[in-house]
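Colleague: Everything in the sequence shown is counted per this note's numbering, starting at 1 for the first residue and increasing by one.
The reader is advised that the hints may include incorrect statements.
Unchecked claim - Pairwise CB distance ranges, derived in the manner of DEER restraints:
| id | residue 1 | residue 2 | range |
| --- | --- | --- | --- |
| 1 | Thr79 | Thr27 | 30 to 38 Å |
| 2 | Glu30 | Gly74 | 30 to 38 Å |
| 3 | Asp56 | Tyr19 | 22 to 30 Å |
| 4 | Asp60 | Ser2 | 28 to 36 Å |
| 5 | Ala59 | Ser2 | 17 to 25 Å |
| 6 | Gly74 | Asp32 | 21 to 29 Å |
| 7 | Asp18 | Glu51 | 34 to 42 Å |
| 8 | Arg26 | Asp56 | 13 to 21 Å |
| 9 | Thr12 | Asp77 | 21 to 29 Å |
| 10 | Tyr19 | Glu52 | 17 to 25 Å |
| 11 | Glu51 | Asp77 | 14 to 22 Å |
It is worth saying that the hints were derived from the structure and are not from the lab. For glycine and all other residues, C-beta sits at the position ideal for the given N, C-alpha and C.
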Amino acid sequence: MSSETYVCPECTSTVERDYRVKYVIRTCDECDHNGRFLHESLTDVIYAIPEEDRPDDWADDPLDERFRRALEEGLIDRTDLNI
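Could you put together the complete structure from these sequences and hints?
Modeller: Now the structure itself:
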């Protein structure tokens, strides 16, 4: 099985795992934040949202919260996800 990359929601450092899921919950080795490390493919979807469609306080939220908000506000659709 190939290695999959997961991204810290706070500092965007990455960790590799030998399984493919939407996210893993762990403590970051870099910033000590405990949270949902999103699969790299999901962060790509988040970053692809056009700036003009993003809420004003978008940059203040960690990646996992941006993902949740994007789903709730219809900025991304579940069909956009490859996981």
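Colleague: Look at each hint and say if it fits the structure.
Modeller: Here is how each hint holds up against the structure:
| no. | hint | result |
| --- | --- | --- |
| 1 | Thr79 / Thr27: 30 to 38 Å | holds (32 Å) |
| 2 | Glu30 / Gly74: 30 to 38 Å | holds (32 Å) |
| 3 | Asp56 / Tyr19: 22 to 30 Å | violated (36 Å) |
| 4 | Asp60 / Ser2: 28 to 36 Å | holds (34 Å) |
| 5 | Ala59 / Ser2: 17 to 25 Å | violated (32 Å) |
| 6 | Gly74 / Asp32: 21 to 29 Å | violated (34 Å) |
| 7 | Asp18 / Glu51: 34 to 42 Å | holds (35 Å) |
| 8 | Arg26 / Asp56: 13 to 21 Å | violated (30 Å) |
| 9 | Thr12 / Asp77: 21 to 29 Å | holds (24 Å) |
| 10 | Tyr19 / Glu52: 17 to 25 Å | violated (36 Å) |
| 11 | Glu51 / Asp77: 14 to 22 Å | holds (19 Å) |
Of the hints listed earlier, those the structure fails to meet are numbers 3, 5, 6, 8 and 10, in rising order.
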